[in-house]
Structure formats: C-alpha cells, structure tokens
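Participant: Chains U and Y, in that order, give the protein sequences.
As numbered in UniProt numbering, residues 1 to 249 make up the first sequence, in order.
As numbered in UniProt numbering, residues 1 to 249 make up the second sequence, in order.
No wet-lab data here; the hints were simulated from the structure.
Nothing here was measured: the structure is a model prediction, and the numbers come from that model.
Worth double-checking, as some hints may not be accurate.
In this list, chains with the same sequence are indistinguishable; a pair is considered to hold if it fits within one copy or across any two.
As the list claims (entries may be wrong) - Computed cross-link-like contacts, DSS-like style, restricted to lysine-lysine with a CA-CA straight-line distance of at most 30 Å: (1) 141 to 128; (2) 230 to 128; (3) 128 to 218; (4) 173 to 73; (5) 44 to 128; (6) 96 to 147; (7) 30 to 96; (8) 128 to 173; (9) 218 to 73; (10) 147 to 30; (11) 47 to 230; (12) 73 to 230; (13) 230 to 96; (14) 128 to 48; (15) 141 to 73.
There are 2 protein chains.
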Amino acid sequence: HSVTSRPRAWSLQKCKAVLLPPAIKASGLKLQFCTNETQATREKFVKKLQGLGFDISVAEVTAPAPAACRLLKERGLRPHLLVHDDLVPEFADIDKTNPNCVVIGDAAENFSYANLNEAFRVLIGLEKPVLISLGKGRYYKETDGLKLDVGAYMKALEYACDVEAEVVGKPAKAFFESALAEMGVPPEQAIMIGDDIVSDVGGAQQCGMRAVQVRTGKYRPSDENHPQVKPDAYVNNLAEAVDTILSQM
Amino acid sequence: HSVTSRPRAWSLQKCKAVLLPPAIKASGLKLQFCTNETQATREKFVKKLQGLGFDISVAEVTAPAPAACRLLKERGLRPHLLVHDDLVPEFADIDKTNPNCVVIGDAAENFSYANLNEAFRVLIGLEKPVLISLGKGRYYKETDGLKLDVGAYMKALEYACDVEAEVVGKPAKAFFESALAEMGVPPEQAIMIGDDIVSDVGGAQQCGMRAVQVRTGKYRPSDENHPQVKPDAYVNNLAEAVDTILSQM
Numbered sequence: 001h002s003v004t005s006r007p008r009a010w011s012l013q014k015c016k017a018v019l020l021p022p023a024i025k026a027s028g029l030k031l032q033f034c035t036n037e038t039q040a041t042r043e044k045f046v047k048k049l050q051g052l053g054f055d056i057s058v059a060e061v062t063a064p065a066p067a068a069c070r071l072l073k074e075r076g077l078r079p080h081l082l083v084h085d086d087l088v089p090e091f092a093d094i095d096k097t098n099p100n101c102v103v104i105g106d107a108a109e110n111f112s113y114a115n116l117n118e119a120f121r122v123l124i125g126l127e128k129p130v131l132i133s134l135g136k137g138r139y140y141k142e143t144d145g146l147k148l149d150v151g152a153y154m155k156a157l158e159y160a161c162d163v164e165a166e167v168v169g170k171p172a173k174a175f176f177e178s179a180l181a182e183m184g185v186p187p188e189q190a191i192m193i194g195d196d197i198v199s200d201v202g203g204a205q206q207c208g209m210r211a212v213q214v215r216t217g218k219y220r221p222s223d224e225n226h227p228q229v230k231p232d233a234y235v236n237n238l239a240e241a242v243d244t245i246l247s248q249m
Numbered sequence: 001h002s003v004t005s006r007p008r009a010w011s012l013q014k015c016k017a018v019l020l021p022p023a024i025k026a027s028g029l030k031l032q033f034c035t036n037e038t039q040a041t042r043e044k045f046v047k048k049l050q051g052l053g054f055d056i057s058v059a060e061v062t063a064p065a066p067a068a069c070r071l072l073k074e075r076g077l078r079p080h081l082l083v084h085d086d087l088v089p090e091f092a093d094i095d096k097t098n099p100n101c102v103v104i105g106d107a108a109e110n111f112s113y114a115n116l117n118e119a120f121r122v123l124i125g126l127e128k129p130v131l132i133s134l135g136k137g138r139y140y141k142e143t144d145g146l147k148l149d150v151g152a153y154m155k156a157l158e159y160a161c162d163v164e165a166e167v168v169g170k171p172a173k174a175f176f177e178s179a180l181a182e183m184g185v186p187p188e189q190a191i192m193i194g195d196d197i198v199s200d201v202g203g204a205q206q207c208g209m210r211a212v213q214v215r216t217g218k219y220r221p222s223d224e225n226h227p228q229v230k231p232d233a234y235v236n237n238l239a240e241a242v243d244t245i246l247s248q249m
C-alpha cells in the first residue's frame, strides 16, 4: 500500500501537518506529496514544509515544474516561460533560446498585460503552437482575497491562439502516473487524500487509484453532490484519513 | 437597399476612406458603421473618422458600449467596468454603485493583474454572475505588435467563474439587428461589407443579411476555405465593393 497526499503547505494547520507523516512512515506505507504549487521551487516548498514540522524530502514531492522539465527534454522543446520568479530556477537546465513553446504557471504579479502579450506573440508566431500549463486551477484564496489561477490565463491563450494546452499537474493522468512511478506502486494499491473534488479525487480515480476527500481546506458541502466525481470515502481531516487507512491495513 | 460597413478607422487607407461615403450617400443608400471599437467613445471615434475625410455622424455608428448601456438599463444592471479609460464616459449615465454584473471591453493597459482579480472577485461574489463582453475578438495588431483582445480575457473570466459571457458587439446577432433597426431596414435588403470572415461576414449572414468580404485588412487567403462561413461575394477593396453594389442597383 501507499498513500499520496496533497497538503497545500501554506494553508495546512500545523498540528495536522506534523501529525500525518510520522504515523504513515511508522506504518511502512510509502508517501508522495502531489502538489500543483508553482510559485516556488520544490526545494523552497520542502523547506517550508520542514519548517512546519514535516519529515519530508524533495524526492517525495511530485510537482508540475519538474514534470514539465522532463517533458520539455523528451520532446526537444525550448520554452518561453510565463511563471513566478521563484519558479525560474527549476528550469535552470533547460535551453530557453529561440523558444518553440510556451510554459505557463501561476505567475501572480508576472501576469502583466505586457507579459501576457509577449507569451501570446511567441505562441501565435509558431508554426505549430505548443502551450504547456502547470495546472488548470480556476482560482485560489490568499490572505488579501481570491486570485485568478493559472487555468484562467491558460484559457485566454488557448482561445487567442486556437490551441489546446497540455496540462502538467493535477488532474492530468500523466501527473498521477508520475507520482506512482516515483513510488514504484501500481494505482490499485494507492490511495489519494485530497481536498479538491476535481483535481485530487477525480484525477486520482481517473488513474485507477482510490481517493478520499477531506472535509477541510477547499472542501465545500456541495462537493458531495458533484455531478461527475464521487470519492471512495470522506474523512473530516487528515488525521482521520490516516487513522482510517491504518485501521484497515 | 442599404449598406452597412465596418471600417477600422485606425487602419483604413485614407483614399478609400474618403472615397466610400460620398459614392454611397449620392446613391441614396443608407449607411451604418458597425464597429467593435471599445478603446474610445463613439464621439471620439467619429471625430477621428471625420479627420480622415469621412462624412459621418455619431448616429451612423453602431458600437458595443452604447448597445451595452441599453442592455444594462433594460435589465437594471449596475456594472463593474473593466474597460479602457477612454471608454468610461460612454457609461456616464449608468448607475455603477454596488455592482451586480461585470462589463469587460478591450481595456488594454487596464488589463493588469490587480484589475483582473478585482473584476473576478466581483463576478464570483455574485449569486448569479453576469458577465457582459464588448466583443469577443481574439487579438489585433498595433504598430508595436499583436495584442490580446477582449475575447481572451472574457474566456479567462468565463472559466474562473464557470459562466458564459453575453457578447455585445459583432458577431452577436442582436448587434446586427440593432444596426438594422437604426437604419429601419430589414436584413434581406442590407449588405454587410467587412474584412473579418467570422465577426463581419458570419455575424451578418446569421442575421439574414448578405455579406461581402474585402480582401484587405484582416483578410487572409485561408479565409476562402473557412469551414463555416462563405461570403456572398469577394471584392479586392472597399471601392470595388461600392462599385459592385451600385452597378447592381
């Protein structure tokens, strides 16, 4: 068995964050964190989690940017980047001269009118436009309010260039498969724990995994009537998810 | 008979601009300019055309902003505006307190990260989000290069809020009907002349008008193989369109 979990570190309550990994690790289950975080490198992300008390290493994190780098190398793609400044080091090894594709992440303040027009011009200027998006989230909440997420800007570029983006990140099937490969575990032996009904639960199930939705974070009661996605189980929080899984081993 | 035409003033060669209206006006045909221009008020737009030698009045221009104002008043909608600064005066008579909808135009530099998040927050905060878009163009060309048009940002907000925008402007049927109403002419007696295969030709035909595509401006040879839209005729330029129409009267 193994458990993949996706805590959005910035919003996790500390007690749960510290609670989860020791119980799982002591059980012998493998653990992989699947995040769509694209506002920082995995190194930075892991440091933050460690600071919150997590026993976690970079290798235990599956994130869109490294997945995109693999894809870029495999296909000989040279990206024009429209991403957060703090994510740029993740692409250090990638040839970015004379771009033949655009990679878009949650660029936050970098989603300026000028930067969007520039990314658009690169894309529309290609004979066969390739747009790679690090996730397709609609929006997220920060302390100063709701913000448009990468998915919205992805849709803008898709429409303007009449292309369909390749999504690297949840809920893309390849992204979950990559997390499973990193653990060396087949999907039917893995359980996803997440708060997002579509990205976490739907994505994992589409890949053959079971998926548990926590009733914290992004969860809304209306999720339980979702027209397409039905979790294998609900739990009230991460600690309960761990208890439930361990009790059934 | 009547003729509706859509010159994008900023890009029209002067000789044709001056040529067209006298020939039409002398013929007794009615003339209505259908523009998706939303970077200036109709007043400013008409002044610019007059400066280029056009014999044209504000009443002869059908534009998205006044059409949107009619719609807002009819439905008691109070807009949050995400438009170009120069378009704001067009909404002077409209109650903008406590917004219950968002109106988006080609805001150009006003398409900042902060302004997009603000429009998004208004929209997602409404019980029943209403998004009104002054056109759905994908992009346009300016002297310093290609720019994303209002349609791209409309798609971003549509996706983020899971709504469908109401488009006021070409190719919306209601927009052409409004132009016809202003002339007092039924669609079968009107001819549209335009350079955009979808917005001009397709929109007008959908409304029951005939439509001629000029092989200037936005026209591309690939338009002649468009999978959905087939113009009633092609002409090499506006002058030829006028000659052809007058010779068949």
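Participant: Please flag the earlier hints that this structure goes against, numbers listed from lowest up.
Facilitator: Numbers 5, 7, 9, 10, 11, 12, 13, 14 and 15, in rising order.
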